[in-house]
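Peer 1: What follows is each chain in one-letter form.
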Amino acid sequence: MSVIAVRNLHKSYGKTPVLRGVDLAVAKGETVCVIGPSGSGKSTLLQCLNGLEPFESGEVIVAGQHIGWGRGGARIPEREMTFARRRIGIVFQQFNLFPHMSALANVMEAPVQVLKRPRAVVEAEARALLARVGLAHKADAYPADLSGGQQQRVAIARALAMQPEVMLFDEVTSALDPELVGEVLAVMRGLAKDGMTMLVVTHEMGFAREAADRVIFMDGGLVVEQGPPAEVLGRPREARTREFLGRVLRPESIEA
Amino acid sequence: MDFEWTLFVESLPALARGAATTAELAFVSICGGLVLGLMGGLARVSGIAALNAFALFCVTLLRGVPLLVTMLFFYYGLPSLGLLLEAKTVAILALSLTNGAYVTEIVRAGIQSIDRGQMRAARSLGMGWALAMRRIVLPQALRRVLPPIGNEAITLLKNTALVSVIAIPDLLRAGTDIMTWQANTFSPFAGVALMYLMMTLPLVWLVARLESRWRVA
Ligand SMILES: Nc1ncnc2c1ncn2[C@@H]1O[C@H](COP(=O)(O)OP(=O)(O)OP(=O)(O)O)[C@@H](O)[C@H]1O
Ligand SMILES: [Mg+2]
Numbered sequence: 001m002s003v004i005a006v007r008n009l010h011k012s013y014g015k016t017p018v019l020r021g022v023d024l025a026v027a028k029g030e031t032v033c034v035i036g037p038s039g040s041g042k043s044t045l046l047q048c049l050n051g052l053e054p055f056e057s058g059e060v061i062v063a064g065q066h067i068g069w070g071r072g073g074a075r076i077p078e079r080e081m082t083f084a085r086r087r088i089g090i091v092f093q094q095f096n097l098f099p100h101m102s103a104l105a106n107v108m109e110a111p112v113q114v115l116k117r118p119r120a121v122v123e124a125e126a127r128a129l130l131a132r133v134g135l136a137h138k139a140d141a142y143p144a145d146l147s148g149g150q151q152q153r154v155a156i157a158r159a160l161a162m163q164p165e166v167m168l169f170d171e172v173t174s175a176l177d178p179e180l181v182g183e184v185l186a187v188m189r190g191l192a193k194d195g196m197t198m199l200v201v202t203h204e205m206g207f208a209r210e211a212a213d214r215v216i217f218m219d220g221g222l223v224v225e226q227g228p229p230a231e232v233l234g235r236p237r238e239a240r241t242r243e244f245l246g247r248v249l250r251p252e253s254i255e256a
Numbered sequence: 001m002d003f004e005w006t007l008f009v010e011s012l013p014a015l016a017r018g019a020a021t022t023a024e025l026a027f028v029s030i031c032g033g034l035v036l037g038l039m040g041g042l043a044r045v046s047g048i049a050a051l052n053a054f055a056l057f058c059v060t061l062l063r064g065v066p067l068l069v070t071m072l073f074f075y076y077g078l079p080s081l082g083l084l085l086e087a088k089t090v091a092i093l094a095l096s097l098t099n100g101a102y103v104t105e106i107v108r109a110g111i112q113s114i115d116r117g118q119m120r121a122a123r124s125l126g127m128g129w130a131l132a133m134r135r136i137v138l139p140q141a142l143r144r145v146l147p148p149i150g151n152e153a154i155t156l157l158k159n160t161a162l163v164s165v166i167a168i169p170d171l172l173r174a175g176t177d178i179m180t181w182q183a184n185t186f187s188p189f190a191g192v193a194l195m196y197l198m199m200t201l202p203l204v205w206l207v208a209r210l211e212s213r214w215r216v217a
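Chains as they are written, first to last, in the UniProt record's numbering: chain Y, 1 to 256; chain R, 1 to 217.
Worth flagging that the hints you see were computed from the coordinates, not collected in a lab.
Note that this is a predicted model, so its numbers are computed, not measured.
Any given hint could be a false lead.
Some residues of chain R that are not near chain Y, with every Cβ distance over 10 angstroms (derived) [said to hold, decoys possible]:
id, residue
1, Leu-34
2, Leu-83
3, Ala-122
4, Gln-140
5, Met-179
Below, a sample of chain Y positions facing chain R; criterion: calculated Cβ distance under 7 angstroms [claimed, not checked]:
id, residue
6, Asn-96
7, Gln-113
8, Arg-117
9, Arg-132
Just so you know, even glycine gets a beta-carbon here, dropped at the ideal spot from N, CA and C.
Using the sequences and the hints, build the whole thing.
Peer 2: Now the structure itself:
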C-alpha cells in the first residue's frame, strides 16, 4: 500500500513546464530522499503533493486522498484538499513558524483550531513533542528568540502534532548554519527509525546515504533514476546523475 | 482681539456639550470605519475577483471625492432619491465610509506585507483560508498597521468638524455660536482647539498602549 502514489504528474508555471510527467510511489514506513539540481522541480513536486500548488494533469494520491484531480479528471474541491492536509505534514526550508505565538502555541495551534481537540490533552501532547525534538525547555520561547535549528525542530513538532500519515521535508536544513544542521537531521533520523513515512528533499548526501530506504534523482522535471542509496549515490547508472553527484559531493562527504 | 479669561471659562460648558456630540460621532464612525476597513481589506485579498473589484471601486470613489462633498451629497442628494436621513446618520455614514476606504487599503497592504510562507504553513496544517487569515495572518498584519490606523482615527476625529455644515451642534459649531453672540473669536476658539487636542490624546494613548501590549513577538 503506497502512502504516496504519483502518476504522470505535469505542472507548469505559465508556459514553462516544471514537472514533465513525474512517477513516484512511497510505501508506508519508507523514507525516500529526493535529490537533484536547483530548479529541477523538487519543491514544486512537494507543493503539488499537498495540493498547495494546482497542476495540469496527473494522478496524485496521498494518504488515501486524491489531490488535484479525482478519478475521471474531476477537480477535487478545495474543501476536500484542506481536509486531506490534516494527514500530510510538511516542513519548509524557511521554518515559517508563527512569530506571534510561543513554541508551545505553535505546536498546539492546528490540533486545537482545526481538529477542535481539548486544549489540555493537546498541550500534554505538544509538550511531549517538544521534548521529542529536544526543546522541552523552550516551550514558552517565541520564534524570534530561537536559533534556526531550534525553530526548525519546533516546525517539525508542529507538523507532527497533527499526527500525519506522511511527512514531507523541503530542504529543511538548507537555511541553517552548518553547526545547526546535525540537530535537525538527528530528529529526522529518529522519525525514520520510528517508522514514519517520509519524503525528504535534501542536499545532505550523508543523510540520504544512511537514512533513506531509497533515493530518487530528479532533473528537468522528471525522475531520472531511483534505487537504494548505495546504488544511486555509489554506482549511478545515468550520466546526468553522475554529473550531478560529481558536482555536489565534496571529497570529504564521499568517504562519509 | 484679545483673550478674555472669563469669556473663555464661561464658554466651556457649551463647548463641552458640543464636544460630547463630536466625541460620539467620532467614536461611532471610527468603529464603523474599522469594521468596514477590515471587511474591505479582506475583500481586496480574498482572491474573489468580483469582491476585490467592488471593494476597489468603493475605495476609489470614497478617496477621490472630498469628504465634505460626500457628506453634502448624502444630506441633499439622497432625499431626492426618496431616502431621507437624519443629519447625524448622514454624518456617521460619510465619516465611516471615507475612513473605511482608507483603512481598507491599510489593511490590504498590511496583509500583503506578511510573508506568504505564513499562509502556506497555516494551510498545510489543514486550516482553511478564513481560519488561517483569522488566526495567523491578520493578527500579524493588524499589529503592523496599528500606527497608520491610529493616524486615520485621529484624522477622522478632526474631520468631524465638517459636520457643522449640515447643522449638527458639534464642538466647532458650539464655538462659532459663542463667537457670534459674544463678538469675540479668540477666547471661545482657544477652548475649541484645546478640546479637539484633548480628544485626540486618548486615541494616541490607546494606540501606544495596544502597540506595546502587542509587541510580544
Ligand atoms: N511561483 C513560481 N512562479 C514561477 N516559476 C516558479 C515558481 N516557483 C518555482 N518556479 C520555477 O520552477 C522551477 C522549479 O522550481 P523548484 O523550486 O520546484 O525547484 P527545486 O528543485 O526545488 O530547486 P531548489 O533546489 O533550488 O530548491 C524553477 O525553474 C523555478 O524558477
Ligand atoms: Mg526547492
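Peer 1: Going through the numbered hints above, which ones does this structure break? Give me the numbers in ascending order.
Peer 2: 3, 4, 8 and 9
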